[in-house]
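Asks: Residues per chain are reported as follows:
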Amino acid sequence: MKMPSRPTFLRGLGAALLATAIALPAAAQQQPAAPASSTIDAIRARGTLVCGVNTGLAGFAQPDSQGVWRGFDVDYCRAVAAALLGDANKVRYVPATAQARFTALQSGEVDILARNTTWTLSRDTSLGFDFAAITFFDGQGFMVKRSLGVNNAAQLDGATICVQPGTTTEQNLTDWARANRIRFTPVVIERLEDNINAYLAGRCDAYTTDVSGLAATRAVQANPNDHVILPEVISKEPLGPLVRHGDQRFADLVRWVHFGLVGAEELGITTANVQEMAASDARPEVQRMLGRNGDLGRMLGVDNAWMVNVIRSVGNYGEVFARNLTPIGIQRGPNALWTTPGGLQYAPPFR
Amino acid sequence: MSDATADPRFRRKPPKRPLRLSWADERIRGIFWQIIVVGIVGTIVWWLWSNTAHNLEVRRIATGFGFLHREAGLPIAESLISYEPTDTYLRALTVGVLNTLKVAVIGIVLATIIGTAIGIARLSRNFLVAKIAGFYVEVIRDLPLLLQLLFWYTIMQSLPGPRQAMQPVDGVFLSNRGFKVPALVWENAHTAAALAFVAGIVLTWLYARAARAKRMIDGQPRKVWPAAVALVLGLPILTWQVMGAPWEIDWPALRGFNFRGGLTVSPEFFALLVGLVTYTAAFIAEVVRAGILSVSLGQWEAAQALGLRSGSVLRLIVMPQALRVIIPPMTSNYLNLTKNSSLAVAIGYQDIVSIANTTLNQTGQAIEGIAIIMLVYLTISLSISLFMNWYNARIALVER
Amino acid sequence: MSDITVNTPIGSEPRSAPITAVGPIAWLRANLFSGWLSTAVTLVIGYVLVRAVMGFVDWAFVNAIWSVPVTNGVAQTQACRELHGSGACWAVVTEKHRFMLFGTYPYEQHWRPALVCILFVALYIVSSLRRFWNWRLIPIWTVTLTAIGVLMWGGIFGLPYVPQERWGGLPITLILATFGLAFAFPLSVLVALGRRSSLPAIKVLCVLYVELIRGVPLISLLFMASVMFPLFLPEGMNIDKLLRAQIAIILFAGAYLAEVVRAGLQALPKGQYEAADAMGLSYWQKTGFIILPQALRLVIPPLVNTFIGFFKDTSLVLIIGIFDLLTAGKTAIVEPSWQGFGVEVYVFVGLIYLVFCFAMSKYSQGLEAELNRHRRR
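Keeping their order, the protein sequence lines are chains A, B and C.
Number 947 in this note's numbering belongs to position 109 of the first sequence; there are no gaps in the numbering.
Number 290 in this note's numbering belongs to position 282 of the second sequence; there are no gaps in the numbering.
Number 1094 in this note's numbering belongs to position 271 of the third sequence; there are no gaps in the numbering.
Chain A on its own, in the form it takes in the complex (with noise of 0.2 Å):
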């Protein structure tokens, strides 16, 4: 029997089934694979640190108008960069939502998330993170309008109030209202930015989250004097860059980074003195913070001038806050330096 012609439909059927098997690994970014155990090889080989950032929060994470990523915990990706790879620019920034960002951090898609996370007892052990240090003392509170006449967080009995779903914030919420026997009508809306937008239209009395948020906020209103933000500071919340729990060495780089910066500002190393003071400075420890003495970063896996790098790209930590945050309105309050009266930021001794 004759053989037919292959038949035009399935020549045509078959190519474009060639052409999915074809695209589909080649438009998955196979990446040089990166198991717990040597996040920080992983990082070398690509050349690049994936950073999980904020979607959009002035003063912490935002794309400027040019499309740069800019905020304090986009410097420390960057601070974190320059320590492992010498130069703070080699960042992939990966915006995660609030919902995304766990698993996002726990599948390896990023090194790092530096996004508002409040360190948790349960997400230290049963997420499977660790949180590498504090880099900011935030506690959450409410912000009203001035209009509503109320002074303190007691008056708000009655009240409905704007509150981003599956934070702490949300829970830490309800515990007040319990503990001080208020009720309330949440509004509870996922997106930053549509519950902005409720309190702002007035669907809700007062809006919470972290006061930095809140500062955030309403530095960026037209007329941030039409609002408020009460005293009362409901819960504690100490946020800092998390990484995959199991992998040590890359915790302890992005813990002594942040120690590092803070240090830095304790010996007033700055991004202006900092090759000056590496190469003259005569104190002990300045000395072995910025390599010529100790083989500190050896120790850590890296660059011994791990902290010339990211002094020179980002700065020390009060820098770093006064670029970022100080601008849209917060105070240094409890992340002013350990010498300060009510200041918590403390750096161990670099030895």
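Rather than coming from a laboratory, the hints here were simulated on the basis of the structure.
Note that this is a predicted model, so its numbers are computed, not measured.
Among these hints, one or two may not hold up.
As the list claims (entries may be wrong) - Quick list of in silico lysine to any residue cross-link-like pairs, SDA-like style, CA-CA up to 20 Å:
{"id": "1", "chain 1": "B", "residue 1": "LYS139", "chain 2": "C", "residue 2": "ARG874"}
{"id": "2", "chain 1": "B", "residue 1": "LYS347", "chain 2": "C", "residue 2": "TYR1032"}
{"id": "3", "chain 1": "B", "residue 1": "LYS139", "chain 2": "C", "residue 2": "GLY1189"}
{"id": "4", "chain 1": "B", "residue 1": "LYS231", "chain 2": "B", "residue 2": "LEU324"}
{"id": "5", "chain 1": "A", "residue 1": "LYS983", "chain 2": "A", "residue 2": "LYS1074"}
{"id": "6", "chain 1": "A", "residue 1": "LYS928", "chain 2": "A", "residue 2": "ARG884"}
{"id": "7", "chain 1": "B", "residue 1": "LYS222", "chain 2": "B", "residue 2": "TRP233"}
{"id": "8", "chain 1": "A", "residue 1": "LYS983", "chain 2": "B", "residue 2": "ASN184"}
{"id": "9", "chain 1": "A", "residue 1": "LYS928", "chain 2": "C", "residue 2": "GLU988"}
{"id": "10", "chain 1": "A", "residue 1": "LYS1074", "chain 2": "A", "residue 2": "ALA1174"}
{"id": "11", "chain 1": "B", "residue 1": "LYS347", "chain 2": "B", "residue 2": "MET396"}
{"id": "12", "chain 1": "A", "residue 1": "LYS983", "chain 2": "A", "residue 2": "GLU1031"}
{"id": "13", "chain 1": "C", "residue 1": "LYS1026", "chain 2": "B", "residue 2": "ARG37"}
{"id": "14", "chain 1": "A", "residue 1": "LYS983", "chain 2": "B", "residue 2": "ARG37"}
{"id": "15", "chain 1": "B", "residue 1": "LYS347", "chain 2": "C", "residue 2": "ARG874"}
{"id": "16", "chain 1": "B", "residue 1": "LYS347", "chain 2": "C", "residue 2": "ILE1036"}
Given the coordinates of chain A, assemble chains B and C onto it according to the supplied hints.
Replies: Just chains B and C now, kept in the frame of chain A:
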């Protein structure tokens, strides 16, 4: 693979050849292909499963449904059953399911009524009515539902605040906190009246059935409606009177920040309901129109020739036939409405998706959270399908 | 619905048809004023309609503000706010339309996504022409989609590389919908064939796939793609967010399209199957030569309708934070000076969706009428 050969002799008597282990045997080929396909699918599933298990273990992510019995701590704005943030996740999720069902049931009823009206209006002989209905259907069907929901929610938010609330009728307030209407203070008498109402409906139905049976025998039409009015309206009112006729109304009033008292329809629920109903009604209108058009013109003419009035033609002749065409696509529209109600998460109505989403966010157990969402919707979808199939079968039986 | 019987008095002597029975007046009487009920309805609706149209014209055109001054990169929207909703503030569209259409794509490279949109439209038009309904569509789609990928990513031919994180707006919507169709369609054909297969294992698999996907909302699949998918893959292997959403949409569309294709397979007369068997064709020969060419032609109108459906459904990616047209529109009004102009933005975004969906739905209606012509008596 292919059907049995077309030769009628083989049709009558299926061949009973022994299985030969040869490529030429169609059944062997069939088994071979099945093994290949099942093998490939099985391998993929096994690969994904083992990856997931490995990932969960390596990353020390908690698994299992133990979290269902932990305290939820999440606030819920509206709930059909009593709920406190101190309750468990299980109860919070139950509240979510009930909220989904609430919006789905009300939405299905309203969308059916409005959709049917618009579908009939599209066939109206009044040019203006037909064109407006057509315009509505075209525009609504061509816009994404999510966009419409966001639009309605924006409209709801731009209403005045509670202190400047609009008051169309005394005691009814309209503000960006939703609708406030006076509510009856519920007492035993009302429960009794409600039960009497249900009993009235059942009795009316029984009466109508008996009347129809009698009519089949003697051909005399009997009026059902006086009995219906007496049973459905009279019985509850009588019960209520006997129980002392309590008549206390809870009027909403502005106290502090918000209205207290009365019934609230929240802006989130209202925006979701309006969006779902207007969207689905446009699709239902098309279904109804196609159903009516499917009944041939001869049926209309024959009915008119019998002297039936146009309302009766529609009710007795056209609709029973059209329904057979209408029911299957109507089922899928009901299913779509229910599934579309999951968009509530975008405008802050706390349905099952919203609450499961929050749960998975707080517990970090994504797989369990999404499994719950899928399970709930599969159950609802299956129930609606089964019910509509049953109804469809009932209607089909009418055919003689 | 109303009675249209018009009782014209019958005169004694013959005369020409009265002015009331022919011409525009007759049309009015027949279509707008047939009977008192119809007249009342016409008057009421006419009044409401005129009021609504006038109100809309006032809002959208007469009182609208089309542009506002921008100082130091901050738009001065006081003029708009003073309208208090009595007029539209189209300035938000004037100011932000490039952002809404192309998202955070580098500003000076906007011609690339614009060209991509034009390519997509051209692709739709070519696919809608019956002259191209054959194998030639496959190379056309392959080449166009490749060109679109090259334009969006760049990195070759002197185009600067643009990472996927910066894509946004209309191209994302078109990409999700079109690539969704391109990959879901072959999948759906296989699943539809599998569902009608006589092999029980294959049939069960296909039925399970179709019914499971159709039983759950798209949102749950998108959530799955966004939060669960990363856990499915081996360590170190990652697929980016857009592609994950794309896979979810393909799986979703595949199940719905499979049902459409199956309807086409069922609608085909049994004689076609039997004739093919009688010729001694193998299963794939029968399917490829005889069944599919006829069945697919039959289902093109419902196929277009399904495509309209998931063209709209791509907007759901808003919920998992992907930057499509609707997300871009919402993000445009996050900036404080533009807060509160949601309605204008939704009208603008809605118009874009409307243009695409309306064109497709008109096309499918026309096609349906054309394909059914031979059946009409």
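Asks: None of the hints should be skipped; say for each whether it holds.
Replies: For each hint, the structure was consulted:
Restraint check: the Cα-Cα separation between B:LYS139 and C:ARG874 comes to about 17 Å, which is no more than 20 Å; the hinted pair holds. Taken as a hint, the B:LYS347 and C:TYR1032 pair is honoured in the structure, with Cα atoms around 17 Å apart against an allowance of 20 Å. Simply put, B:LYS139 and C:GLY1189 have alpha-carbon atoms about 19 Å apart, close enough for the 20 Å limit, and the pair holds. Restraint check: the Cα-Cα separation between B:LYS231 and B:LEU324 comes to about 16 Å, which is no more than 20 Å; the hinted pair holds.
Proposed proximity of A:LYS983 and A:LYS1074 is contradicted: the alpha carbons are some 24 Å apart, above 20 Å. Taking the CA atoms of A:LYS928 and A:ARG884, the gap is near 10 Å; set against the 20 Å cutoff, the hint holds. With a C-alpha separation of about 16 Å, the suggested pair B:LYS222 and B:TRP233 falls inside the 20 Å cut-off, and the hint holds. Proximity of A:LYS983 to B:ASN184 is assessed by CA-CA distance (about 16 Å); at most 20 Å being required, the pair is judged to hold.
For the suggested pair A:LYS928 and C:GLU988, the alpha carbons sit about 15 Å apart, so the restraint of at most 20 Å is met. The straight-line distance between the Cα atoms of A:LYS1074 and A:ALA1174 is roughly 16 Å, inside the 20 Å bound, and the hint therefore holds. A distance of roughly 16 Å separates the Cα atoms of B:LYS347 and B:MET396; the hinted pair therefore holds under the 20 Å criterion. Restraint check for A:LYS983 and A:GLU1031: satisfied, since their Cα atoms lie roughly 17 Å apart, inside the 20 Å limit.
Pair hint C:LYS1026 plus B:ARG37 holds up; C-alpha atoms about 16 Å apart against a cutoff of 20 Å. Between A:LYS983 and B:ARG37, the direct Cα distance comes to roughly 75 Å. Violation of the 20 Å bound is thereby established for this hinted pair. With a C-alpha separation of about 36 Å, the suggested pair B:LYS347 and C:ARG874 falls outside the 20 Å cut-off, and the hint is violated. For a cut-off of 20 Å, the pair hint linking B:LYS347 to C:ILE1036 stands: about 11 Å separates their Cα positions.
This entry does not satisfy hints 5, 14 and 15, going by the numbered hints stated previously.
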